[in-house]
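Trainee: Build the full structure now, drawing on both the sequences and the hints.
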Amino acid sequence: MELNMKKIFQILSIAVLTLGWSCNDDDFLNRPPTGQLSEEQIWNDEGQVLSVLGDLYNRYVDLSTFKTINDVPGWTTVSDFNEAFWSEAGRYGNFQNNGWGFGAWGAWDYGYIREMNLFIQKCTAADKLAPAVRERYLAEARFLRASYYFELVKRMGGVPLILEPMVYDFSGDPSYLQHARAKESEIYDFVIKEAEEIKDKLPASVGEKSRATKAAALAMEVRAALYAGSIAKYGVNTPSVALPGGEVGIPSSAANGYYTKALAAAKEIISGNAGAYALYTKKPDLSENFASIFYDKANNSEVIFVEDFKLQSGKVHYFTGWNQPRYGAEEEEGGRINPSLNFVEAFEKLDNTFAPIPTANANGTPIYYTDQTDIFKGRDARMAGTVMLPGTTFKGRKVDIWAGYQLANGTIISGDDRGAQKTLPGKTVPEQVVGFDGPIDGFEFTAQTGFYLRKYLDPVVGSGQRGVNSEVWLVRYRYAEVLLNAAEAAFELGQAAEAAGYMNQVRARAGLVTPLKASEINFDRLVHERRVEFAFEGHLFFDMKRWRIAHQILDGNAITAAELSKDLGKATKRNTQPWGLWPYKIYDPGSANNGKWIYKQVKLSRVTGADRFQLGNYYSYIDDAIISNNPKLVRNPNQ
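So the sequence shown is residues 1 to 639, counted in full-length UniProt numbering.
Simulated from the structure, these hints should not be mistaken for lab results. Keep in mind that the hints are not guaranteed to be accurate.
What the hints assert, rightly or not - DSSO-like cross-link-like pairs, simulated, lysine-lysine; straight-line CA separation at most 27 Å:
id, residue 1, residue 2
1, K315, K233
2, K282, K349
3, K283, K297
4, K349, K585
5, K395, K596
6, K377, K283
7, K193, K233
What the hints assert, rightly or not - With beta-carbon atoms standing in for the labels, derived distance ranges:
id, residue 1, residue 2, range
8, A107, P284, 40 to 46 Å
9, A276, Q639, 45 to 51 Å
10, Y368, D109, 54 to 60 Å
11, A298, E135, 27 to 33 Å
12, Y368, S210, 47 to 53 Å
13, P131, E40, 30 to 36 Å
14, S210, A362, 50 to 56 Å
15, F170, A104, 35 to 41 Å
16, Q552, A125, 47 to 53 Å
17, A408, A104, 32 to 38 Å
18, G93, F170, 44 to 50 Å
19, A592, E431, 19 to 25 Å
20, Q552, E186, 27 to 33 Å
21, E431, D109, 52 to 58 Å
Glycine included, every Cβ here is placed at the ideal spot set by N, Cα and C.
Mentor: What follows is the structure in structure tokens.
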């Protein structure tokens, strides 16, 4: 041991002497660093520039995400506003509060904007890049910058519009770096203008999904113009949600101009000039066909722009593991997003009418079903493509959702654990009396509302395993949205027949094959169609805001059982608390109903609050520190 230590000391002494001698060498000290690239090396190399651009793509901001950013788990963002209950004990508090702070949903990352501005500046000067390559990279960077400004204006209203990288001169006076907020309309105008200017500099390729294309730019333009148009039109309903300088609020006189731009850009995609996009219609089962839009990457003609993931690449996600049926799952976990009965009842019957999920006859007696799924038959196919219903299957296994046995006298026999067993009257051997997937009130990671999520879940075995995860993509723009955006814009421009044509294409794909007439297209229909088509895709929140109906839907009042199924299909139907629907198996030996199923509406005990969206929530709070650094900024209204 002593000899070894002496040897180690000798080696270290030689190393120190060698290092000391080397550090006196001017050539050694002046060597360029080997651990980083110079700017010249980066901007002269196409691959290096692409890697910088890739980092900007990876920081794209959206309300929906599968990732965890700043310790905010992404799975909750796709299921807010009582379209679902979060079956996780640590999140029950979200259903015991009555609203949100004014800072909710805020964003203000001017560091990201500066980096995009720097990229555009340096890429413009990168004359060693092939002209066609440089043009595409610049167009992509401008797309990303416009996308972020779009995200800012949706959340904050008008913000400072900074298009050059600012540099501090260390003079002690930073006032020249301080910019006032642009008008809300000016930010929307910028997004629309950028999309028009870059669209033809981007590839018109339907096969390109994770990088900006002509169709992605146009889809952004359609959405931005539609948002601006609806704020202009419907802002009159909330006159206090405005600022005198236009930082919040758009004049109503601008509405038609924005709707016209939205419709024109949508038609450019629909006509095929931006690529051969079409609704996804590969599979004969319409519900599975709808679910497949979000995981089928092979020649998917509907998807326009995504955040992509790939197995064994370092970029995967655990969304399926968080939300798949827990029973039989790879890690025996899941079940966090439980779609609400409120949401499930929004799906129409195939005759284009709205009706509650039928649990009882007119006289109040329960309806008995032979199969668990019978209660959901004859509905819009998007229901089962979005929600995993009791009695359906996933990854080859039937989901085991049932709340217990009901005896002839109305007594319920159930359990407080998944798959609990008890002895039924007249029997001697215990048997299962509650599903392995629940529902059990308060039992996290199970289907407490009676439903699991289906949309975005990966059916590939292993996708719910932590060591494997999923490569299902997060869809940001798709062709069905282009059609429904075109329908809305056409309707607002008084072109109801054209609106019906676009809307009926989307509805027919869902099995609603009786076309709506022009006379049947109205605001309620437009709102409903977007709710069921784009559920859990991040549209609901911004739709409610731009139509100025969020404060009506989320009015802070509890929902009673009597109110739950009223006003189905109405745009402003209140939705302040999530409800559930629990199946029970009848145990009544000798009766014709023995072994059949009944359903009961349930409000979970953890749901004690009722969401209230205040007028001050329409635009997020600008942090005090931001205003302190820039006194030219004005605060948002009602805060």
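Trainee: So, for every hint listed, does it hold in this structure?
Mentor: Do the hints match the structure? See the list:
As the CA atoms of K315 and K233 are separated by approximately 42 Å, the hinted pair breaks the 27 Å bound. Distance restraint check for K282 and K349: the Cα-Cα separation of roughly 23 Å lies within the 27 Å cut-off, and the hinted pair is therefore satisfied. A C-alpha spacing of about 14 Å is found between K283 and K297, which places the hinted pair at or below 27 Å, so the restraint holds. Restraint check for K349 and K585: satisfied, since their Cα atoms lie roughly 25 Å apart, inside the 27 Å limit.
About 25 Å separates the Cα atoms of K395 and K596, which keeps this hinted pair within 27 Å; it holds. Proximity of K377 to K283 is assessed by CA-CA distance (about 19 Å); at most 27 Å being required, the pair is judged to hold. Pair hint K193 plus K233 holds up; C-alpha atoms about 21 Å apart against a cutoff of 27 Å. The hinted window of 40 to 46 Å between A107 and P284 holds, with their beta carbons roughly 42 Å apart.
Take A276 and Q639: their Cβ atoms lie about 47 Å apart, and the range 45 to 51 Å holds. In this structure the supplied range 54 to 60 Å holds for Y368 paired with D109, their Cβ-Cβ distance being about 56 Å. Judged by the Cβ atoms, the range 27 to 33 Å given for A298 and E135 holds: they are separated by roughly 30 Å. Between Y368 and S210 the C-beta distance comes to about 50 Å, which sits within the given range of 47 to 53 Å.
For P131 and E40, the hinted distance range of 30 to 36 Å is not satisfied, since their beta carbons lie about 19 Å from each other. As the Cβ distance of S210 to A362 is approximately 53 Å, the hint placing it in 50 to 56 Å holds. Restraint check, F170 to A104: a C-beta distance of roughly 37 Å satisfies the suggested window 35 to 41 Å. For the pair Q552 and A125, the beta carbons lie near 52 Å from each other, so the given range of 47 to 53 Å is met.
In this structure the hint that A408 and A104 lie 32 to 38 Å apart at CB is violated, the actual value being about 50 Å. Roughly 47 Å separates the CB atoms of G93 and F170, a value that falls within the hinted 44 to 50 Å. The supplied range of 19 to 25 Å is met by A592 and E431, whose beta-carbon atoms lie about 21 Å from each other. For the pair Q552 and E186, the supplied restraint of 27 to 33 Å holds, since their beta-carbon distance comes to about 29 Å.
Under the hint 52 to 58 Å, the C-beta atoms of E431 and D109, about 57 Å apart, fit the expected range.
Against the hints set out earlier in the document, violations occur for numbers 1, 13, 17.
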